[in-house]
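Asks: Residues per chain are reported as follows:
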Amino acid sequence: MQTGLLNGGGGLFTMSSSEESYSYPDESLLELGLGLSLGGGKTKAKTKHPAAAGGGGSWDHYARILTAKDFAGVVSDKTSSSSSSSSSSSITKVNTSGGTKRTAESPCSPPGRSAISQVVGWPPVRTYRMNTLSNNAKSPVTEQLFSIDDKCKSKNADTPSPNHGSCTNTNISKEKGFAKTSLFVKVNIDGVAIGRKVDLNAHTCYKTLSRALDDMFMPSASVGARGSNMERQVSVAGKRQPVKFLDGSSDFVLTYEDKDGDWMLVGDVPWEIFLNSVRRLRIMRTTDAKGLAPGSQERNRGRPITPL
Amino acid sequence: MCLFQSVMNYLPKEVLEHVFDFLTSHHDRNAVSLVCESWYGVERFSREKVFIGNCYAVNPERLIDRFPRLRSLTLKGKPHFADFNLVPDGWGGHVYPWIEAMAKSGINLEELRLKRMVVSDESLELLAKSFPNFKSLVLVSCEGFTTDGLAAIASNCRLLRELDLQENEVDDRKGQWLSCFPESCTSLVSLNFACLKGEVNVAALERLVARCPNLRSLRLNHTVPVEVLQKILVRAPQLSDLGTGTFTHDPDSETYVKLKNAMKNCRSIRSLSGFLDVNGRCLPAIYPICTSLTSLNLSYAPGIFSNELIKLICHCKKIERLWILDTIGDKGLGVVANTCKELQELRVFPSDLYGVGNTAVTEEGLVAISAGCPKLNSILYFCQQMTNAALITVAKNCPNFIRFRLCTLNPIVPDAATNQPLDEGFGAIVQSCKRLTRLSVSGLLTDQLFLYIGMYAEQLEMLSIAFAGDSDKGMLYVLNGCKKLKKLEIRDSPFGNMALLSDMGKYETMRSLWMSSCEVTLGACKTLAEKMPRLNVEIINENEAGEDKASCDDRHRVEKMYLYRTLAGPRTDAPDFVWTL
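Residue numbers (my numbering), protein chains in the order written: chain A, 414 to 721; chain B, 1414 to 1994.
Take these hints with a grain of salt, some might be off.
[Claimed, not checked] Residues of chain B placed beyond 12 Å of chain A at every Cβ, according to the derived structure: (1) 1423; (2) 1439; (3) 1447; (4) 1458; (5) 1485; (6) 1499; (7) 1523; (8) 1599; (9) 1731; (10) 1758; (11) 1766; (12) 1818; (13) 1893; (14) 1904; (15) 1990.
[Unchecked claim] Dumping the calculated PhoX-like pairs for lysine-lysine here, alpha-carbon to alpha-carbon at most 25 Å: (16) B:1587 / A:672; (17) B:1528 / A:599; (18) A:610 / B:1528; (19) A:599 / B:1677; (20) B:1610 / A:610; (21) B:1610 / A:599; (22) A:610 / B:1587; (23) A:672 / B:1610.
Note that these hints are calculated values from the structure, not bench results.
Just so it is clear, the structure is predicted and the values come from calculations on it, not from any experiment.
Don't be surprised by glycine CBs; every beta carbon is placed ideally from N, CA and C.
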């Protein structure tokens, strides 16, 4: 059946005759559409992948749930459509457009590295390594040096050139300055067992953080109504109504646990002080948040975690 | 044969035990214990080191029951893909029940090595207080503890030799954990706190180093400045493994000169890492030790330019293990190929994780390495692009690969020259490398590759697949062909129920199977779970709480499935979002 040849000489190779010649994915599959699902399956009016005999299916199934950070700067209007109308939305497929693997590559456009880094867990680099590297990369030292890199490279490294010297000077002066650390903290929202993570240092003020969390956690009046909520929101104005955690106009408030284990309302202290003391975030129902008592959240380290 | 067997049966147990003492590998010990009942008995009472690759495969009580003389335990928790955020928080992998059970049973625990487990401060406290002979704690990619837990270890483990923290997420309480080592503690051989984010008491650190004459391995975190490093090196010239803290200083300063001299005096250093914050012009300080280095990890140092890296590497002729960033470039890899003839393991990590546009390495670098380094047997390579021709060349040059992990930054990129899938290239690797035990593939790949893997990869134990294959046939080729397969992890590939259910018994010969964003349905998972009671088939359901298994349609595809063989039955600590079918 298969005719792929692989000789030890490492020369010729041919594809299996049972498969069609491998054509590059149809451009239409690369659309960053919203793809709201209205049925049990994800059938779309698109050509199926040519080599997908028996069960391959279209690639949009392999989209992932992404965090707001992953979406930054790619496509503005996205929703994660997660319900199928025919049955309960228990195990649902997320058709988050930015995450499909097909969007990662297109023959005519530039590599689109930022699109690739949107795929959750790709490239497969440990979170620890990513955090540490982004610490180093974000520091003003290396940012400055990267831009002068080209000049420095071409010079003979033995003789300190004026450019190279200025690298060092910048290096030393910036080194004494503010070195940012990537700061991933956990975020939980009442009613959802799964927590998420957000990088606080990707934000410079409460507003952007609130917006990011808003993107991450679409509020819903009840579990299961999530899909219809979003559809409604999308269809009404063409863009979603932000939740505005911080101005008291929603059902939820944003709180954080500080270094001492106390739960505080987000927004009371200056941003830098907040960054220094925040341990993790929790989006609480407004009703629960009245009279936030210190240490009211029991930390369940080492025990199975119960839903909030 | 009969005579031999009778003779062996008449050997006193002490003799058998003595013979078994020479068996150090787990495989050998496991094999020996299966020979007959009396050997099983002797082996279990003499076994001191146990390795458990999946902490949910067996429960602590059973472990203790079988191996009462247990002294050293290695446990692994979460599935490998947890490293890449595919497993939600709270999934499990708690070490506390193990420590509690061993403490209660009076096990004389001396060594604990954990990977991808949740370790609470309470666990560390219990550990520190329950085992008076405790000597060695190694935590890799763990989470859940703070520096308070470390303080408990430091304070209470009188005989502590090794505290090795690798890439853990540790909450820094800004306490004085390092100061908690009592003055009487002089037994430290290895101390690695490179992953801690907070400052340590450097005076306490210096005193600790000074009073531990057997200290061989010391890895500092980024808060330890060069001045302190220099003083430490003066006190501990016997070090063989060093991880620097920051490595930034004015190269014209006195401290730097002192550092250079101190380094020259450290003639035993064979392994070097750190450089978490580095000024390239300070690197010449380490040239004297480069000549005898066998292991070098610069993968956390994006601040070193390609040319500085190259200069450094020119001094490293004895390197056997090299971990670097792709900032080295293909040209730099060429230099490695010309210089590092002893190289066995190479890891090239991506420096550009956010798509900023820094150039990565390509297939050229890999080919150069394969041509220049005849002893190469393990590689992890993140690259911009790859070609079949390159992989075929690599396969020819290096038939000795044991681990081959290639990651294209674009997960479905085709051959850069021909636009074909990379099937033939990876196929060449598996055909040529007869001792391959671990393989990770990426790029545009069809079922053809999996046919090759099934045909040729006879020793393969672990396979990682992402965005690959066309149909169930692909997965079937692997399951049918790879007799020694232990761990299979698949994401975003079109493998479905037919492949999953075709040979259910296979999973009892494996440690685990992970499938996420594939075509497997809930119904199929339920079928598998029902037919195979000695497997735990777990579904990770990441949607909102309140949905239960009963209301789910069996035809729905499952986002994340993790199954593993177990003697312990369904686990009792599974959170709500993990359904054991």
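Asks: Is the claim that residue 1458 (chain B) lies outside the interface with chain A correct, judged by CB distances over 12 Å?
Replies: Correct as stated: the minimum Cβ-Cβ distance to chain A is 31 Å, above 12 Å.
Asks: Confirm or reject the statement that residue 1599 (chain B) sits farther than 12 Å, beta carbon to beta carbon, from all of chain A.
Replies: At roughly 31 Å from the nearest Cβ of chain A, residue 1599 (chain B) sits farther out than 12 Å, so the non-interface label holds.
Asks: For residue 1439 (chain B), which was marked as not at the interface, is the minimum beta-carbon distance to chain A over 12 Å?
Replies: 25 Å, holds
Asks: Grab the minimum beta-carbon distance between residue 1990 (chain B) and chain A and tell me whether it stays above 12 Å.
Replies: Violated, since 5 Å does not exceed 12 Å.
Asks: Run the C-beta distances from residue 1447 (chain B) to all of chain A and say if the shortest one exceeds 12 Å.
Replies: Given that every Cβ of chain A is farther than 12 Å from that of residue 1447 (chain B), nearest at about 35 Å, it holds.
Asks: Quick one, are residue 1528 (chain B) and residue 599 (chain A) close enough, alpha carbons at most 25 Å?
Replies: Satisfied, since the Cα-Cα distance of roughly 21 Å is no more than 25 Å.
Asks: Just want to verify: residue 1485 (chain B) was marked as not at the interface with chain A; is every Cβ pair farther apart than 12 Å?
Replies: It holds; residue 1485 (chain B) is separated from chain A by about 22 Å at its closest Cβ, greater than 12 Å.
Asks: Between residue 610 (chain A) and residue 1587 (chain B), does the CA-CA distance stay at or below 25 Å?
Replies: Status holds; Cα separation ~23 Å.
Asks: Is the straight-line distance between the alpha-carbon of residue 672 (chain A) and that of residue 1610 (chain B) 25 Å or less?
Replies: 15 Å, holds
Asks: Run the C-beta distances from residue 1893 (chain B) to all of chain A and say if the shortest one exceeds 12 Å.
Replies: 14 Å, holds
Asks: In terms of Cβ atoms, is chain A entirely out of 12 Å range of residue 1731 (chain B)?
Replies: Given that every Cβ of chain A is farther than 12 Å from that of residue 1731 (chain B), nearest at about 23 Å, it holds.
Asks: Is the claim that residue 1423 (chain B) lies outside the interface with chain A correct, judged by CB distances over 12 Å?
Replies: 50 Å, holds
Hint check: violations occur at hints 6, 11, 12, 14, 15 and 19; the rest are consistent with the structure.
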